[in-house]
Each structure stands twice: as structure tokens, then as C-alpha cells.
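Trainee: All chains should be built: construct the whole structure from the sequences, respecting the hints.
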Amino acid sequence: MLAALRNLDRQWIFLAMLLAVSAPILAQQSFPEKPTKPVLDVFNYIEGLPPGSNILLSFDYSPSSDGELAPLATAVVRHCCVKRHKMFFMTLYPDGLPMMERTIREVVEGEFAAYDFKYGEDYINLGFNNAEEVVITVMATDIKKMFPADFEKKPLDGFPITENISSLKDMALIFTISTGYPGMKEWVQYAASPLGVKLAAGSTAVQAPQAYPYIPNQMLGLLAAIKGAAEYEAALAARYEQFRDPAKNQAIKRMAPQFWAHLLIIGLIVLGNVSYFADRAQRGPR
Amino acid sequence: MKTTIPWLLACITGCVMIGATFVPALAEWKNEAGSWFELLAALAFVLGGANLCAQHLKKISSRKAGWGYSAVTLVSFLVTLFVGLFKVGVIADDPTHPWSGHHQAEGSALWWLFEFAYQPLIGAMFALLAFYVASAAFRAFRAKNTEATLLLAAAFIVLLGRTYAGTWLTSAVPDDYSALTFPGLTAIILGVFNTAGQRAIMIGIALGVAATSLKVLLGVDRSYLGSEGD
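Chains as they are written, first to last, in the working numbering: chain A, 1 to 286; chain B, 1001 to 1230.
Just so you know, the hints here were simulated from the structure itself, not pulled from any lab data.
Note that the coordinates shown come from a computational prediction; the quantities given were computed from them, not determined experimentally.
Do not rely on the hints blindly, as some may be mistaken.
Unchecked claim - BS3-like, lysine-lysine: derived pairs with alpha carbons at most 25 Å apart:
id, chain 1, residue 1, chain 2, residue 2
1, A, K83, A, K34
2, A, K169, A, K83
3, B, K1087, A, K153
4, A, K145, A, K83
5, A, K34, A, K118
6, B, K1087, A, K154
Claimed, not checked - Have a look at the derived ranges for each label pair, beta carbon to beta carbon:
id, chain 1, residue 1, chain 2, residue 2, range
7, A, D279, B, I1122, 22 to 30 Å
8, B, F1022, A, N217, 33 to 41 Å
9, B, S1223, A, Y240, 27 to 35 Å
10, B, S1223, A, D279, 43 to 51 Å
11, A, K118, B, H1097, 18 to 26 Å
12, B, P1120, A, L263, 49 to 57 Å
13, A, N217, B, I1122, 32 to 40 Å
14, A, K169, B, S1223, 56 to 64 Å
15, A, V270, B, S1035, 52 to 60 Å
16, B, K1058, A, K169, 49 to 57 Å
Claimed, not checked - Here chain A is said to cover these stretches of chain B; the calculated rule only asks that three of the stretch's residues, wherever they fall, bring their Cβ under 8 Å from a Cβ of chain A:
id, region
17, 1017-1027
18, 1070-1081
19, 1107-1115
20, 1119-1125
21, 1128-1135
22, 1148-1160
23, 1186-1197
Note that CB positions come from ideal geometry on N, CA and C, so glycine has one too.
Mentor: Written as C-alpha cells, this is what we have:
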């Protein structure tokens, strides 16, 4: 038994992981979620803003994190839509633009088509700028210096949504969906801290521990990866009946594979340690 | 001269950026420096592309081991560059201006490459991590000493606390003692122990960055400019 454990081929571990993540997807299993404080703080802030407040949504991630962050982006954009906030979309990642466009297409123009949001009036896509954190430092005093035009190179001055906007100080909230550099940390350093603008973030699980030192002073709260997104979906569902359809809540669905994958990893750690200590006991004290 | 002028540029720009933090009147200068950086960053993309071509062409021409991968990289790069630059498949917004329309518009070749090649490939690469993490957890995560045992305990709590398993396992704990549930303990680990450690690291890094920046601004450290012989 011990020898079998010691020599366990990793193909069996891979197979177990495949089953752990695929079975709950196929069975469409889901578990209830209870929003935690860092998520509720973001939710309550957006909920409490008067309709028509300016919210900057920065999609600072690449497709490698799309599986983890897309449901999070969708949940926050849904909330902004239902509250009829004005949305300013931008990205600091060259390959972040298509995912941002997809969210706009599917949520703002798709799911919320009945709300009749007008481009340039209720939302705008500022597109991508390659100057990394310098984009934030300049936007702190002059947004149009970094984004003189929208993603289709139409001048910002022609859009009603940007009429009363000059700097990041005009934003009621900055929400960054972040995966690394440039992202959450840079928004804290160059926008939230010096300007006192409200900032919240959604991040990958790997980056989340780096965010905690900024909560609650520099950052309102945090949506950490799929778990954070699932909690946000649960908060939305609790507040609005239209979001109770399980088919819409992608993050809650994705928590079931995470549940089984985590249990599998815990089991593997236990088995690995059983084998290690049994080995050590067999060899005797050195 | 070769290092003095670049150092002067770095020094002036750095001083403007620092000064603008304290003197609002310098904000316009800071924004101007930001625009220069935007140009430099755009040029860096061109240099990066040229460097990628040079490196892989060298590997292909000398038939080094793995040159086939270099060929794939190069062809992928050139095809993507071509379809993006020449807006292949983009339907013009304005028929009188055939080049109008966004280069990544839905249905364009670049959009197609992104949606059906780049995104699934990079997503699959990232998804493979789950399999390797599971294998590594079995082989390497051992309670060999006190530090490793503490790490292991923290990992157990966070792994359980971040799923419904943690909530379910400690559902019998009364609300008044919610800090003792797996989600509660996870919040304590992330909010207290992790925050304390992260802050210490961040403060250390910030002091190091400040010292290095000062050395760059004063010209003490010019290593980023390369050696005289370069």
C-alpha cells in the first residue's frame, strides 16, 4: 500500500483532477454563497451611489486570466447597469480590449438592451493605452491627455458622457479588474492614495493576498477571483430578483469544480504526508 | 556624452514627476512627460518585435535545437501583424473610407485569431496549472519542520475556507463564534497574518525603490544605460 502510494504515477493524479473539475460541470452542481465583508463593502458602495454616478472600469488582465476574472467583470458591470451608473471602460493591457468589448456587447448591449443605454451618453469605451502606470498618473490630472479619443479614435469631446469629466477625481469609483502589473497596486499608488478617489478591485487568487494591506483605507474592498465573483453574484441575487436565474451566475457555477478540486488537493496533501511519515518511521531515527 | 545625455533626460523627467506630486503647477509638465513615455512605450513594441524576429531568424538559420518552434513563432507573429496592420476582414464603417473600421472588429481576421486561437490556447495553458498544482501538492507539500507545518495548516484552512466545504464543515458553530469557522479563520489569516507580512515586504521594497531611484536621479547608478563599450 505504502509502496503504491510512494510510486503513484502522476497520470492518476491528473485523472483525479480531471474528474474533480469535469463531473460537477457536467452535473451542473452548485453551492450556496454568502458574501464576505470585502465583497459586501464594494457591493454596498455601488448600490448606495446615486444613479448616473461615474464609474471607471479598468480591465487590466489578459486572456490567461479570463476564466477567473470574466464572471467577476460581468457581475460588477451588471450592477452598474441595473443602477444606471455611467460607465467608462478602459484597459492597460494590449490584449484586454477584446474581453472588455465582449463584456460590453454581452452585458450592456445584450442583457440590458431593454435599458436602452446609449454609447457616448451612458457608457464609453476608452480603449487601450500602452503607457502602463503613467496612464494613471496623467489621468489623475487630465484624462483626455491619455485618452483624447475613444477606442475607435472618435474625439472624446464629442460625447456627452465626457462633458463634465476632466480627471480621475470626477469618478465616484474606480474599479480595476487586475491580474498583475500594471493593475491594482498602481491604481492604489497613483490614483486612490494621492487623490483620495474611491477604489475597489477584482483580482486573481494569486494576486489577492497583495491587496489586503490596502483594505479598507486605500481600497474599499476586494473581489478575489471566482470566489469573490460568486459572492458578488449572490449579493446581486439577494437584492435583485432578475439575477436569481442560476444560468446567469457563471461564478457560482464555477465554484463547484473549485470545491472538489480543493478537496482533492487536501486529500493529496494528506496522502503525501502519510507516505512521508510512514517512510520516516520505517527508516527509524537518524 | 553617451551616458550623460540619457542620464540628464532621466534625471529631469524623474525630478518633474517627483516635483509634480508636491507642486500642482508642475502637473502639466508631468502630463507632457507622460505623453513622451507613451511614445517611447509604443517604440518599445516595435523594438520588441524587431528583436523577436532577429532572435528567431538567427535560431532558424543556424538550425539550433527547437528551430521549428522558432519558425512557428515567427510565422504566427508575422501573420498576426499583417492581419492587424492591414485590417484584413474589417468591414469599413464608412464606405467612402475603406480603411475605416476598428482593426479588431467582430468578424475581422485579427478578431478571429484572438477568439479562436490565442484565447483558447493561453486559457488552456493556464488551466493546466490545476493538474501540476495537484501533482506538486502530493509530492512536495510535506510537514518536514515547524515552518512547513504552519504553512500546511494555513493552506488547509484557506483551501477549505474558500469553498462551501469550509462553511458546511463548521456550520454548527454559533454565529457569535463565527471567527472560529473555516471562512472566519481564512479571513483572519488573510486579513491579519498575511497583511502584516505583506506590509513588511512592501515597506522594504518601497525603501529599496526610493534608494535606487535616488541613485539613478543623481547619476550614481548608470548601469541601466549599459557599459561604455556597449
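Trainee: Hints first: check each against the structure and report whether it holds.
Mentor: Hints and how they fare:
1. For the given pair, K83(A) sits about 22 Å from K34(A) by alpha-carbon distance, which is consistent with the 25 Å threshold.
2. For the proposed pair K169(A) and K83(A), the alpha carbon gap of about 21 Å is at most 25 Å, so the pair holds.
3. A threshold of 25 Å between alpha carbons decides the hint, and for K1087(B) with K153(A) the separation of about 15 Å falls inside it, so the pair holds.
4. With a C-alpha separation of about 29 Å, the suggested pair K145(A) and K83(A) falls outside the 25 Å cut-off, and the hint is violated.
5. With a C-alpha separation of about 34 Å, the suggested pair K34(A) and K118(A) falls outside the 25 Å cut-off, and the hint is violated.
6. Of the pairs offered as hints, the one joining K1087(B) and K154(A) holds, with about 18 Å between alpha carbons and a cut-off of 25 Å not exceeded.
7. Taken as a hint, the range 22 to 30 Å is violated for the pair D279(A) and I1122(B), whose Cβ atoms sit roughly 39 Å apart.
8. Between F1022(B) and N217(A) the C-beta distance comes to about 21 Å, which lies outside the given range of 33 to 41 Å.
9. Range check, S1223(B) to Y240(A): about 56 Å between beta-carbon atoms, so the 27 to 35 Å window is missed.
10. Between S1223(B) and D279(A), the C-beta spacing of about 48 Å keeps the proposed range 43 to 51 Å intact.
11. At roughly 24 Å, the beta-carbon separation of K118(A) and H1097(B) lies within the given 18 to 26 Å, and the hint holds.
12. For P1120(B) paired with L263(A), a C-beta distance near 28 Å fails the hint of 49 to 57 Å.
13. For the pair N217(A) and I1122(B), the beta carbons lie near 35 Å from each other, so the given range of 32 to 40 Å is met.
14. Range check, K169(A) to S1223(B): about 38 Å between beta-carbon atoms, so the 56 to 64 Å window is missed.
15. Here the CB-CB span from V270(A) to S1035(B) is close to 57 Å, well matched to the stated 52 to 60 Å.
16. Here the CB-CB span from K1058(B) to K169(A) is close to 50 Å, well matched to the stated 49 to 57 Å.
17. Judged by the Cβ-Cβ criterion of 8 Å, the region 1017-1027 of chain B is covered by chain A as claimed, because 3 of its residues qualify and three suffice.
18. Here's how the region 1070-1081 of chain B fares: 0 of its residues keep a CB closer than 8 Å to some CB of chain A, so the rule of at least three is not met and the hint is violated.
19. For the region 1107-1115 of chain B, the assignment as covered by chain A holds, since 3 residues bring a beta-carbon within under 8 Å of that chain's beta-carbons and 3 suffice.
20. Under a criterion of three residues with beta carbons nearer than 8 Å to beta carbons of chain A, the stated coverage of the region 1119-1125 of chain B is upheld, 4 such residues being counted.
21. For the region 1128-1135 of chain B, the assignment as covered by chain A holds, since 5 residues bring a beta-carbon within under 8 Å of that chain's beta-carbons and 3 suffice.
22. A count of 5 residues in the region 1148-1160 of chain B with a Cβ less than 8 Å from any Cβ of chain A is obtained; the coverage claim is therefore met, three being the minimum.
23. Closer than 8 Å: that is the beta-carbon criterion, and the region 1186-1197 of chain B has 5 residues meeting it against chain A, so the requirement of 3 holds.
Of the hints listed earlier, those the structure fails to meet are numbers 4, 5, 7, 8, 9, 12, 14 and 18, in rising order.
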